[in-house]
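S.K.: Sequence:
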Amino acid sequence: MKQWTKEIVINAPIEVVWKLFDGSFANMQKIMPQVVEHKPVKITEEGVGSVFRQKYKEGNRIEEYDIKTLEFLDDENNKKLKVGFTLANMFEITALYELIQMNNKTLFRYTVTNRPLKWFVKLLLLFANEKVVIQFVERVKRVAESGDQ
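So in the working numbering the end of the sequence shown lands on 308, straight run, no missing numbers.
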């Protein structure tokens with residue numbers, strides 16, 4: 160299993176950043192442009208246990224999978240969303256988005272884990288790096304600071 164964690168300070172209030180993770184397709188596409196569909200399958204009142212069907216475009220291929228909400232916290236100064244899904248029956252992935260209010264700024268921490276489900280994809284993970292994780296936190300910062308929510 161591989162895990163990457165990156166954090167960045169965003170010059171925007173926590174509610175502005177949190178809106179990007181509210182489950183709406185329009186907001187999600189601003190920070191995850193490869194997601195081409197995001198529909199609720201099951202929504203729970205407390206958030207945990209909610210399931211969304213998502214389609215992700217990688218080159219000419221479109222992968223479809225269900226994303227389950229594993230953790231959800233929506234406090235005034237501390238917000239957390241953790242989701243998990245299986246990609247192409249080869250990887251079990253979790254993504255944790257944590258937001259902490261700092262005056263009129265927000266600390267954004269993103270942690271992703273990638274566990275191979277087949278022996279031969281373990282080799283692929285040997286060459287995986289954090290480039291995609293860095294690009295993601297920078298994109299969230301850029302979108303949140305642009306006021307384009």
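Honestly, I wouldn't trust all of these hints.
What the hints assert, rightly or not - Here are the computed lysine-lysine pairs in the DSSO-like style, where the Cα-Cα straight-line distance is at most 27 Å:
1) K277 x K178
2) K264 x K281
3) K201 x K227
4) K216 x K178
5) K281 x K161
6) K264 x K198
7) K198 x K178
8) K300 x K178
9) K239 x K161
10) K264 x K216
11) K277 x K290
Unchecked claim - Pairwise CB distance ranges (calculated):
12) E297 x I259: 13 to 21 Å
13) E297 x E251: 19 to 27 Å
14) E297 x N262: 35 to 43 Å
15) R268 x D181: 23 to 31 Å
16) N262 x V200: 37 to 45 Å
17) A247 x E174: 22 to 30 Å
These are computed hints drawn from the structure, not numbers from a lab. Heads up, the beta-carbon is just placed ideally off N, CA and C, and yes, glycines get one too.
S.K.: Each hint should be assessed against the structure and marked as holding or not.
M.R.: Hint by hint, here is what the structure shows:
Between K277 and K178 the alpha-carbon distance is near 36 Å, which puts this suggested pair outside the 27 Å criterion. Proposed proximity of K264 and K281 is contradicted: the alpha carbons are some 38 Å apart, above 27 Å. Between K201 and K227 the CA atoms are separated by roughly 9 Å; this keeps the pair inside 27 Å, and the hint holds. Between K216 and K178 the alpha-carbon distance is near 23 Å, which keeps this suggested pair within the 27 Å criterion.
In summary, the hint linking K281 to K161 is supported, as the alpha carbons are separated by about 10 Å, within the 27 Å threshold. A distance of roughly 31 Å separates the Cα atoms of K264 and K198; the hinted pair therefore is violated under the 27 Å criterion. Proximity of K198 to K178 is assessed by CA-CA distance (about 17 Å); at most 27 Å being required, the pair is judged to hold. A C-alpha spacing of about 13 Å is found between K300 and K178, which places the hinted pair at or below 27 Å, so the restraint holds.
At most 27 Å may separate the alpha-carbon atoms for a hinted pair to count; K239 and K161 meet this at roughly 21 Å. Distance hint between K264 and K216 is unfulfilled; the C-alpha atoms sit about 32 Å from each other, more than 27 Å. With a C-alpha separation of about 23 Å, the suggested pair K277 and K290 falls inside the 27 Å cut-off, and the hint holds. For the pair E297 and I259, the beta carbons lie near 18 Å from each other, so the given range of 13 to 21 Å is met.
In this structure the supplied range 19 to 27 Å holds for E297 paired with E251, their Cβ-Cβ distance being about 26 Å. The given range of 35 to 43 Å is broken by E297 and N262, whose C-beta atoms sit roughly 21 Å from each other. A hinted range of 23 to 31 Å for the beta carbons of R268 and D181 is inconsistent with their spacing of about 18 Å. For N262 and V200, the hinted distance range of 37 to 45 Å is satisfied, since their beta carbons lie about 38 Å from each other.
In this structure, A247 and E174 break the distance hint of 22 to 30 Å, their C-beta atoms being roughly 35 Å apart.
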